[in-house]
Amino acid sequence: MENAILFAPETICLIMGLVLFFCTVLNWSYATTRGIAIAAGIAMIAACLWTLPLEGEPFFPGIYAVDFFSQLIKTALAIGFLFVVIASANPLTVDRNGWLEVPLFFIFSTLGMMMMVSATELLTLYVAMELAAYPVYIVVALHRNADIGGESAAKYMVQGMAASAISLYGMSFLFGTFGSTYFSAISIPQATAQPIFYLGLLLTLAGFFFKLGAFPFNFWAPDTYETAPHPVITFIATVSKIAAIGILCRLLSLAMPGGWESGHAQTALMWASVIAMSLGNLAALAQKDLKRLLGYSTIAHAGYVLLALQTFAEWGLTAALFYAIGYFAMSFACFLVICEIGRSEDRITINAVSGLYKRAPFLSFTLLIGLFGLIGLPPTVGFVGKWFLFSAALQRGQFYLVLIAAINAAVALYYYLLIIRQLYWVEPSTQNTIKPTPLIAITAMATIILVIAMGTLPGPFWDMAARAARALIS
Amino acid sequence: MPLLSSILLTPAITLIILLLMPQKAVRGIRLICAFSGLLTCLLSLQLWMGYDPTTGGIQFEEIIPWVAAIGISYHLGVDGFGVILVMLNAIVYFTGVLTMWDLEDRVKEYFAFMVLLVIGVFGVFMSLDLFFFFFFYEIAVVPMYPLILIWGSGNRAYAGMKLMLFLLAGSALLFPGLLAIYHHAGLNTFDLIALSAHTFDPQFQIFVYPFLYIGFGVLAGLFPFHGWSPTGHVAAPSAVSMLHAGVLMKLGAFGILTVGIRLLPEGAAYWAPTFVVLAVIGIIYGAFVAMRQTDFKFVIGFSSVSHMGIVLLGLNLAILGPVVIDALNGAVFQMFAHGIMTALFFSTAGYIYDKSHSKTIGDFGGLGKQMPRAVSIFIVAGLCGAGLPGLASFWAELLVFLAALKTYPIAGVIVILGLVLTAVYILRVFNLAFFGAPNPKWENLKAQDMSGLHLIPRAILIAVLVIFGFVPRLMLDLINSTTVAFLGNF
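Chains R and S are the protein sequences, given in the same order.
Every position in the first sequence, counted from 1, becomes a number in my numbering once 7 is added.
Every position in the second sequence, counted from 1, becomes a number in my numbering once 733 is added.
By construction, these hints were calculated from the structure, which means they are not laboratory data.
A couple of the hints might just be wrong.
[Unchecked claim] Each pair of labels, with its calculated beta carbon distance range: (1) S:Ile796 / R:Arg354: 38 to 48 Å; (2) R:Phe67 / S:Ala801: 29 to 39 Å; (3) R:Thr463 / S:Arg760: 29 to 39 Å; (4) S:Gly919 / R:Ala275: 27 to 37 Å; (5) S:Ala801 / R:Ala293: 39 to 49 Å; (6) R:Lys365 / S:Ile749: 20 to 30 Å; (7) R:Glu9 / S:Ala801: 31 to 41 Å; (8) R:Glu9 / S:Ile746: 43 to 53 Å; (9) R:Val165 / S:Leu753: 43 to 53 Å; (10) S:Lys1179 / R:Thr463: 50 to 60 Å.
[Stated by the list, open to error] When the alpha-carbon atoms are kept at most 27 Å apart in a straight line, the in silico BS3-like pairs for lysine-lysine are as follows: (11) S:Lys1088 / S:Lys1179; (12) R:Lys365 / S:Lys895; (13) S:Lys757 / R:Lys365; (14) S:Lys841 / R:Lys442; (15) R:Lys442 / S:Lys757; (16) R:Lys295 / R:Lys162; (17) S:Lys895 / S:Lys757; (18) S:Lys841 / R:Lys365; (19) R:Lys295 / S:Lys895; (20) S:Lys1088 / S:Lys757.
Quick reminder that beta carbons are idealized off the backbone N, C-alpha and C, glycines included.
Next comes chain R alone, as it looks inside the complex (with noise of 0.2 Å):
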C-alpha cells in the first residue's frame, strides 16, 4: 500500500493516459478530451503534492527512488502539463486529425519525465528518456501544414534520436567501469576519480542537453521552435526543460565527490555553458520570426543552468533547481502568449506582436512580464535566479566566468527590447482584439504571479531547491 501511495502521481498519469487514449478511440470532442486531460493535471499535482514530503523506493529498491528532489520536480512537471493543456484551447495549427492525440502524447510524455526523475539506475533513466521523448517527436510532426511539420520533426527526431545514442553509449561506459547500472553503485567516491567515468558521464549527458537545448546539442531548437505547432513548442520550452535541468542535477551529484578537483567534466562543462550563451545570444540578435528568437534564447539559458551546474557544489544543484522552475514560468508567459495570438498563423514574425497593447492589453503584459523575467531584471524571478546561478560559479571563484555571462545577458537585452518595443510602441497592423478566455485569463495571471512571487519572495523556493539539492546529495 505504501508503494502505491508513493507511486500515486505515475499510476494517475497512467490512467488518465488510457483514459485519454479512449477520447481519441471514441472520437470525442476536443473540448471534452481537453476538459479530461485538465482534469488528469490537477489531479497529478493533488498526488504530486500529497507525495511531496515522502521518500522511499516504490516496488523496486535501488532503480526507482522517491525523495523531495523527485516529488518537487514532478509537481513542476504535473502544474507545467497543466498549464500547456490550457493553453492548447485553440490548436489550430496543429493538424485537425490529430487534435485529440495532442493531450494524449503530452501526458505519457510527462509520465516519461516523471520517471525520469525518479530513476536510480541507467536503464530504467534511459527507457523513461524515450518515454518522455517519443510522444513529442510524434506531435512536432502533427502540423497541419506537412511540408513544415516534415522539416521541424526530422530536425527534432533524429538530433534526439543521435542524442539518446549517444547517451546509450555513454552509459556502457559508466556500466564498464563500475560493472553496475545502480547509480548508488557508480557513485563510489574512490572510483569516480577515473577519467573514464568522466566521459561516460558526459556522453550521457548528451540526451539530456538535448532536452534543455545546450551546446553541442542545441542545433534542432532554433528550427523546431519555428516550425513546431505552437502547443508542442510551448510543451518543449516549458515541461521538457525542468525534467532536463532536473535530471542534469541528478546525473551530476553521482560526481559531485570530485568532480570539480578533477576538473575533467568541469572544464567541457564550462565551455558548453559559454558557447551556448554567447551562440544563443548573438544569434538571437539577428532573428525576425518570435519563436525562433526564443528558441536561441533558451539555448543561451541552457548556458547559464550549466554555468552553476559545472560548479559541482551544492549551491549549484540548488541554484539549477530554482532556475528551473523560474524558467518553466518566465518561458511559459511567452508561450502562452504565442498560443493566443498565433492562434491560426503558422508563424508568428517579431511584427505580429506590434501593437498588441492595444489589441490585448492583458497578455502583452503577460508577454511583458515573461520577458523582464528572460532578461533578469526584478522584480522577476529571472533576476533572483541569474544571481544565485552566478553566485554559485563565483563561489568557485569563476569571477571572469560569471562577466562572460553577465556581459551575455546585456547583450540579449537588446532582442529582447526590441519585442517591448513592437509590443507597446509600434501600431498595430491589424485592429483584431484578441480577448482571452476566462480560464486562459486565469492561467496567465498565475504564471505572472508565480514569475513576481518568485522574484522577490525568493526565501521559500530556495530552501525547497536547497532541501532538494540535498535529497539528492545524500
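Using the hints provided, position chain S relative to the given structure of chain R.
Below, chain S alone, put in the same frame as chain R:
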C-alpha cells in the same frame, strides 16, 4: 510601522492602487500620485528631523531575514547621506508628478512606471544588503525604457535602447563584482554592515574595485561611459528627465560611495588618482560639449555629465584621507544640489518644449519677453548651475574645488576653469534664447506662460535651492556627522 519601510511602501501601495484603477480615471490617478508624493515628502522630512546628527552613523535600522540560508536580509537603514538623498528623491517625485499634471496619453501606465522608478530609487538609498541594493538598483533602471519609448520625443527608440544597453552593461560589471565580495568575505551574508567590518585582501580590493566603480559609474555619467545620458535625457518626457538626471544618476555615485568605498577602501585609494583624471576630463569635456549644443535639453544633458564629474571628483579625493573631509561633504552636497537644480532645469525646459514644440535654442530669441515666468525660472536653474553664491550648488562646488586645490593643485585649477566654461555655456543659452529681439513666431506663447499650478513645483524646487544656498549648515551638519564616521573607518 517603521519609518523607512513606510517611505518605501508609500509608492509601492500607490503602484498597486494605480494598477487597480480604471484607465479613464485620469484625475483620480493624478491626485493619488500627488498625494503619495506629498506623503513621501512629509515622511522624509520626519526622517530628516528624526535623524540624530550628534550620534551619526546608521539609524532607523530594520532587519527581516529574507533568504536566511544564504544570508540575504531585508535590511534598511540610513546614514546622513541616505537621509539627504531620500529627501531629494521625495522632492523630485512630488514635483515630478505636478510637472506632468497636463499629461493626457496613457496616464495610468505613465504614472505606474514612474512610481516603480521611485520605489527603486528609495530602495537603493535605504538598503543595507547587497542583494536588495542591486535589486532596487535594477528596478530603478527598468521603467526607463518604456517611459522614454512611449512618452518621449525625438529619437526616442534609439535613445531608450542606448540607455538600457549602457546601464545593463554597467550592471554586467556589478554582477561579478558584488558576488565576488560576498564569496570572498566568506561570512555567508550579503549584509553591507557585516561585510564592511571585514577587511578584504588588498590584492582582491584592487582587482574588484574598478568593476564596481565603472559599473556604478556608468549610471553616474562617468566619462567615457556617459554616452547614454544626454541622448536619454533629451528623449525622455520632462518628469522622467527630472527623476533621471536629478535622482537616478545619484544612484551610481551613491553606489560607489556606499558599496565601493565603504567595502574596498584600499582598492579605492589605489585607483583614486586614475579616476580623478577621468572625473576632471568629464567636467571639462561636458562643459565644452555643452557649449556647442543647439538643443536646450542637450545643453542640460551635457551639463549633467560635467556636474556629476564634480561629484565623482569629490568622492575620489575623499578616499585620499581625512585631510580632505571637505571633498566628501562637497560631493554629497553636490548630489543633492545638482539633483534639485537639474530637476528644475528639465521641468522648465520641458514646459517650454511642450508649449512651443521646439527645443532648438536658435529658434527662440527674446523668449524672456514672451514667457517671462518660465524664462526666469530657467535662469535661476542656470545660475545655480554656474555656481552662483546664494544657491545650493555654490557651496557644494566650492568644497570640492578647495579639496582639489589642496590635494591635486593642477586638477584643482583645471576644474575651476571648468566652472568658467559652465558660465559661458549657460550665458550663451540665455543670450541666444531669452534676451534680444523677440521672435514674432512665438507671440502666441504669451498667453501660455506658466501660471497657477505650473508654478508650484518650480517654486518648491527654487525654495530648496535658496534655503540651502543661504543656510548650508542645515545640510552640512548632517553630512559632516556621517562623513567623519565614514572616513574614520579607514
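* Asked: Going back to the hint list, which numbers does this structure go against?
  -> Structure breaks hints 1, 17.
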